[in-house]
Amino acid sequence: MTSFMPEKATVDSLADFIVASYADADLLINCSEIQSSQVFDPEAVFSEVSRNLLLLRENNKLLAVLNTDAFVQAEFSLKGSLGESVILITKNLEDMPSLSNLISYLEGKEETVINRDNLGLKLPGNIHRRELALETLSFPPPLIRPLLQAKGILALRFGGERGIGFFVDLKKIILQQISQILSETD
Amino acid sequence: MENDEILKALSEGVRNQAEETADSIQKEKFILAGLGEERYAFPSRHIREIMLLSELYFIPFVPPYIRGLINRHGDPFAVIDLHVLCHNEKLDGSKVLIMNIEESQSAFLISDVLKIMDVPMSSIHSLSAAFSEVPYFNGSFEDGGQEILIVNIDEVFKRLENDLLHA
Chain D
1 MTSFMPEKAT VDSLADFIVA SYADADLLIN CSEIQSSQVF DPEAVFSEVS RNLLLLRENN
61 KLLAVLNTDA FVQAEFSLKG SLGESVILIT KNLEDMPSLS NLISYLEGKE ETVINRDNLG
121 LKLPGNIHRR ELALETLSFP PPLIRPLLQA KGILALRFGG ERGIGFFVDL KKIILQQISQ
181 ILSETD
Chain S
1001 MENDEILKAL SEGVRNQAEE TADSIQKEKF ILAGLGEERY AFPSRHIREI MLLSELYFIP
1061 FVPPYIRGLI NRHGDPFAVI DLHVLCHNEK LDGSKVLIMN IEESQSAFLI SDVLKIMDVP
1121 MSSIHSLSAA FSEVPYFNGS FEDGGQEILI VNIDEVFKRL ENDLLHA
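Protein sequences, first through last, are from chains D and S. The letter at position 93 of the first sequence is residue 93 when you use my numbering, and the numbering goes up by one with no holes. Converting from the second sequence to my numbering requires adding 1000 to each position, the first position being numbered 1.
These are computed hints drawn from the structure, not numbers from a lab. Ideal Cβ placement from N, Cα and C applies to all residues, glycine included. Check each hint, because a few of them may be wrong.
What the hints assert, rightly or not - Here are the simulated EDC-like cross-link-like pairs (lysine to aspartate or glutamate), alpha carbons at most 20 angstroms apart as the crow flies:
no.	chain 1	residue 1	chain 2	residue 2
1	S	K1090	S	D1143
2	D	K109	D	E48
3	D	K79	S	E1055
4	D	K151	S	D1163
5	S	K1027	S	D1163
6	D	K172	D	E161
7	D	K151	S	E1161
8	S	K1090	D	E111
9	D	K61	D	D24
Unchecked claim - From the derived model, a few chain S residues whose C-beta atoms are all more than 12 angstroms from chain D:
no.	residue
10	E1038
11	V1062
12	G1144
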C-alpha cells in the first residue's frame, strides 16, 4: 500500500503557539507543551549551576531552569535577544529519563529538593502567544528535512515579524540541552 | 541513371537525412546563466522555472553553500550557491533557477539568465585540464569564444547529501 504524506497541512484548524522572536527568525513553540510563564526574576536565582542551567526558588522547592535562549542562539545561530527574559514552565515531561538523571544529579549536588514535575526554560522577554492556522506551516524541503528534524525543527512558517518561523520540537531541544549539560559535568 | 547511381544517391540522401535527424535529436537545451563574472550552463531538463529573488530566509544547520530558503507559493525551497562551492565566496544573486528534481525543493542562485540555447552534442567536449578536477562540472562547450562549463547537477546534489549526512 502506498502512503501519501501531504507536504502541507490541509486541515483547516488552528493551534496556539508561543512565538519567541530573534533577529533572523521566530521560534514557534506549541502551547500545549507549556503550563505557564513568568517574568525572570534574578533575585529568585538560588544558584547558577552552569551557564546553561539555573536553579530558581519556587515556594519550598527549587525549579531547574535551562537557558534555552543561550542554547538556541548558539546552536541555531540565531542572533539577538535583548531586554528581560521570561521563564516558560513546561509540562508532560514525565517520559524523559535524562531529565530525571539531571534532577538526581542536581539534588545530590545541592542537597535539596528539586521540582520533578516541571522544568523551566529561559527565553527572551519578547515572547507572545499567537493562534496560527496549521495550513500556514510547511515541512522543510525534503533534502534538508531529516537534518532539521534531527536538530529539532519540525516545520517552517513564512510570515510573522521575521519573515520565517521555525516550529520546534521542544522535547528534542530540551534533550539536547540536558545532554550538553550532563556531558559538561562528567 | 544506372541503378547503381540511383542506389548510391539514395543511400547518400538517406545518410544525410539520418545525420540531420540524429543531429536534431542529439542536441541539449541549456540555460546559460551568469554567476557574477562567470557563465555556466544548466541543463534545462533540470530547470522548472526562473524566479526573481525577493527574499532569502535564514536557515540554521545547513552547509554554507545553502544560502537560505525562498518562499515559492508558500513552499520552502533551499537555495544553493554554486559560487560558494567553487570559490568559497557568496554570490550577490538576483534570480534563482527552480530545480525540476523530485523530492528536492531546491534552487540555484544566479545573477541573471543570459540566454537559452540548443547545443549539439557534438559541440560538447570534456573539460580542459584547468577544470577537470572540479567535480561540479561534467563538460563544456564554446560560446562566443568562451568555454562554458556545464553544471553537473547530480554531483552537486551528491555533495549536498553527503554533507547533510555528516552535519
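Original post:
Can you name, in rising order, the numbers of the hints this structure does not satisfy?
Top reply: Numbers 1, 5, 6, 8, 9 and 11, in rising order.
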